[in-house]
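So the sequences go chain by chain: A and B. Under my numbering, think of the first position of the first sequence as 160, with each following residue one higher. Under my numbering, think of the first position of the second sequence as 1455, with each following residue one higher.
Everything labelled a hint here was simulated from the structure, so no lab data went into it. Just so we're clear, the structure is a prediction, and the values are computed from it rather than from any experiment. Incorrect hints may have been included.
Unchecked claim - Below, a list of computed lysine to any residue pairs in the SDA-like style, where the Cα atoms sit at most 20 angstroms apart:
id : chain 1 : residue 1 : chain 2 : residue 2
1  : A       : 254       : A       : 398
2  : A       : 254       : A       : 396
3  : A       : 471       : B       : 1559
4  : A       : 471       : B       : 1534
Said to hold, decoys possible - Across the chosen pairs, the derived CB separations fall in these ranges:
id : chain 1 : residue 1 : chain 2 : residue 2 : range
5  : A       : 271       : B       : 1511      : 53 to 63 angstroms
6  : A       : 263       : B       : 1519      : 15 to 25 angstroms
7  : B       : 1508      : A       : 399       : 35 to 45 angstroms
8  : A       : 447       : B       : 1557      : 53 to 63 angstroms
9  : A       : 248       : B       : 1522      : 15 to 25 angstroms
10 : B       : 1508      : A       : 253       : 50 to 60 angstroms
Ideal Cβ positions, reconstructed from N, Cα and C, are used throughout, including at glycine.
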Amino acid sequence: MPLSNSPGVSDARDLIVVGAGVVGAACAYYAARSGLTVTVLDRGPVAGGTTGAGEGNLLVSDKEPGPELELALLSSRLWQELAEELPAGIEYEAKGGLVVASDAAGTAALRKFAAAQAEAGVTAEEVPADRLHDLEPHLAPGLGGGFHYPQDAQVQPALAAAHLLRASGARVRTGEEVTAVLTGAHGEVRGVRTTAGDLHAPHVVNAAGTWGGDVARLAGAHLPVLPRRGFVLVTEPLPRVVRHKVYAADYVADVASGSAALQTSAVVEGTPAGPVLIGASRERVGFDRTLSVEVLRRLAAQATELFPVLAKVRAIRTYAGFRPYLPDHLPAIGPDPRVPGLLHACGHEGAGIGLAPATGALIAAALTGRQPPVPLAPFRPDRFGPDRFGSDRFGSA
Amino acid sequence: MARDRNPADLVGADPGPPFEITFDGSAVTALPGQSVAAALWGAGILAWRTTRNGGRPRGAFCGIGQCYDCLATVNGEPNRRACLVPARPGDTVTTQEGHGHAGLAV
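Bound conformation, chain B alone (with noise of 0.2 angstroms):
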């Protein structure tokens, strides 16, 4: 997608290369110094997690880590803020289902 002016200009930052993470098994690139949720905006990706009772999609809301609505399972983890981590070369992110806990249900 095509835009006039980017983050990156307006503060002149010079990033390293470009890396890449997944998200659902499919690559997403990332820069150096994203988070994972700007990665996925990057990306046009705008949810990665679902509610835990009505199953409604969630992405990035306050992006400062203060409402917890971007949480995300990476590799493997869930309830990661994706608009707080880091996304390092290699990251796996994947759809959150609810808590993401379903599997210690007794």
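For reference, chain A alone in the conformation it holds in the complex (with noise of 0.2 angstroms):
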């Protein structure tokens, strides 16, 4: 019986995760209970990337009908295990989503995104505008209505990302930075050597998140992740003010969209520790981490404009993160098969934390040779083309 998270382990593995973020946690979690033996490795930290920038927002609502919508409900019901089986401390709330439409015509197009949902599976129910405030008492006047999400939940990401990874029984091991993926004579993966000396597995699954690029490109793989940046304001803590997750309906919009330009929408919810986190915002300027004041100010004055009491309270900090977006907006999950032996599960854009079980219940299933939970075709991690080195240098036409 091997002894997990203790010093001097065997090298016996099956499987190495790069990238101790919510969906390496979520890949060693369900691959280790698949029977495998996992090692999972960071440069930096547990949720050191985009996972410790996020505000855990697990999310049916925002997603029109399709593979991405499919992901998130699966990933609803896993959550809902998990809250079971992890400790308290991942502070998950199926606390609901409300989605608010400023006028009329908002809420008609929320209605009908809603009836194109229910279809899929999601449940949604119509609020009219004068019983808003029967869910949320600070919520302003004069809205057009609204649409609850009652499937809509959160965790702390981080520390659910945490108590994942120990709960897997993986080993895991940070500051430890992959700086090659090791190869045999057919292409196929060996192992990965890193910062620490070389690791062998047959299978390496890259969870790198907005560096997912990198990983791929050092397999020799091309997969075009890119980092979408978003701020978040955090307020002074605060008794109850926000009791769903609520979010203006152009959210969903913007998250559909393709610009690069600056978009922001109000998206509120609070936090068992107090803090209330108002987002969202999305711009595409690399990864630069350079305070913007303008996106900082825009954030505030659409979420004092939908909860006007946040007005009379301090915003006490601010952070930044990067979304890991691909061209489609769907994550690259499963086997890549220009590379034998590499597994990707990365590019989930803001919604990895929501994404992440469903991802490893996907990537366990593929390692160990079940049916995926859910089809695996839309989230080919080959599906943008070619290698670096041309199509056919692995033989994949």
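Join these two chains into a complex; the hints should help.
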């Protein structure tokens, strides 16, 4: 019986997961539950990248019918199971989401969106304008209406990732950067080289988030993951002033947009620790961490428009992160046919916390030859074209 | 409380006449230029906030505006750093319960 998480464990490993964010943690968790021996590597700390810069939203409400929604619905069920299995410290809250529209036209658009989602298995209940305050007493007056999504939930993302990792029993090695992917005579994965030496395993999962394109490149595979920056504004600790995850209807359009320009829409939620988190901004500025006062100004203005009470409290800090996005806004999940033994689990954009368990379950199914719980095809990692050396390097046409 | 030395003497300060503020309804004497925390300390008051979770007493810790332990409700506004806010004649300081925003709860 291997002793996980203890120094000097045996080198017998089935799987190396690159990335100790929530997606890597979920891959480790479900792979280990399938009987595999797992080592998780990260050049930084646990949840040190995009996971630690998120709000912990587990949403179905913002997703149109399609592969991502299927993944989100599966994840929603898996998070409920995980909430039973993991310590309460992950701060799982099945609080539900409330999407609000400013006028009748916006409400009509929400109604159409929700009707399509309902056919895909999403529960959405219309909330007429005069009932919005029953759900959220502090909401601004004069809104057009909204929809309540009871399946939306929330976790504390860094704690959720850490507890998932611990529960996986995987060996976790932080502060260790992968510098090469080791391959055999036929191009198959044999392990990785890190700043601490070589590590051998027949399978490597790329769960490096926004930096997943770099890890893919080490293996000779093309995966165009790029950063989409977002800021979160944090208020002073408050009692519960916002009950649900509340956001403005235009958030859905912002999420789906392909624009590089700055987009902001109000997304507001409370936390068990007290602070209210205010998002969400999107802009493509590379890995620039410079504080943008303009973004914070817009976030504050939109949040106080939705919840005027927030104008009376202090914002005490802000943080920024980089959502890992792929050109079609779908993650890359599953085996890479160009590099035998390499699997990808990255590119979840702003939905990685929510989509992590389903991603982990898909990766575990792929590793053990089981039927995937949802079709893998839409998430094929090679859908963006050939590897950087030319399409025939690995004989993949 | 008699002292051989006090900070005002040490720096040769010659403050203007003292004035009154109140703490939880009781009069406290302050000197011009004193922070609220200094005035409260001068009156022997060491705690003016309770923590959010355990309700434990808190007062000035770092005294230089960094640690946020000394938060107090000053003139009805919660979360003022007592170690930085200058005392003004007639200020009303009250013990802050937790985050000081209980009235906003829904």
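- request: State, for the Cβ atoms of residue 447 of chain A and residue 1557 of chain B, whether the hinted interval 53 to 63 angstroms holds or is violated.
  value: violated (40 angstroms)
query: Within 20 angstroms, alpha carbon to alpha carbon, are residue 254 of chain A and residue 396 of chain A?
result: holds (19 angstroms)
query: That 15 to 25 angstroms hint for residue 263 of chain A and residue 1519 of chain B (C-beta), does it hold up?
result: At roughly 49 angstroms between Cβ atoms, residue 1519 of chain B and residue 263 of chain A fall outside 15 to 25 angstroms, so the hint is violated.
query: Using the C-beta atoms of residue 1508 of chain B and residue 253 of chain A, is the stated range 50 to 60 angstroms upheld?
result: violated (27 angstroms)
task: Look at the Cβ atoms of residue 248 of chain A and residue 1522 of chain B and judge whether their distance stays inside 15 to 25 angstroms.
output: holds (24 angstroms)
message: Between the beta carbons of residue 1508 of chain B and residue 399 of chain A, is the distance compatible with 35 to 45 angstroms?
response: For residue 1508 of chain B and residue 399 of chain A the Cβ distance comes to about 19 angstroms; the hint is violated.
- prompt: Regarding the pair residue 254 of chain A and residue 398 of chain A, is the alpha-carbon distance no greater than 20 angstroms?
  reply: The hint holds at about 15 angstroms.
- request: Using the beta carbons of residue 271 of chain A and residue 1511 of chain B, state whether their distance is inside 53 to 63 angstroms or not.
  value: For residue 271 of chain A and residue 1511 of chain B the Cβ distance comes to about 56 angstroms; the hint holds.
- request: Starting from residue 471 of chain A, check that the Cα of residue 1559 of chain B is at most 20 angstroms away, please.
  value: holds (14 angstroms)
field: Pairwise hint evaluation, residue 1534 of chain B against residue 471 of chain A, where the allowed Cα distance is 20 angstroms at most
entry: With a Cα-Cα distance of about 14 angstroms, the restraint between residue 471 of chain A and residue 1534 of chain B holds, given a limit of 20 angstroms.
Hints 6, 7, 8 and 10, counting from the list given before, are not met by this structure.
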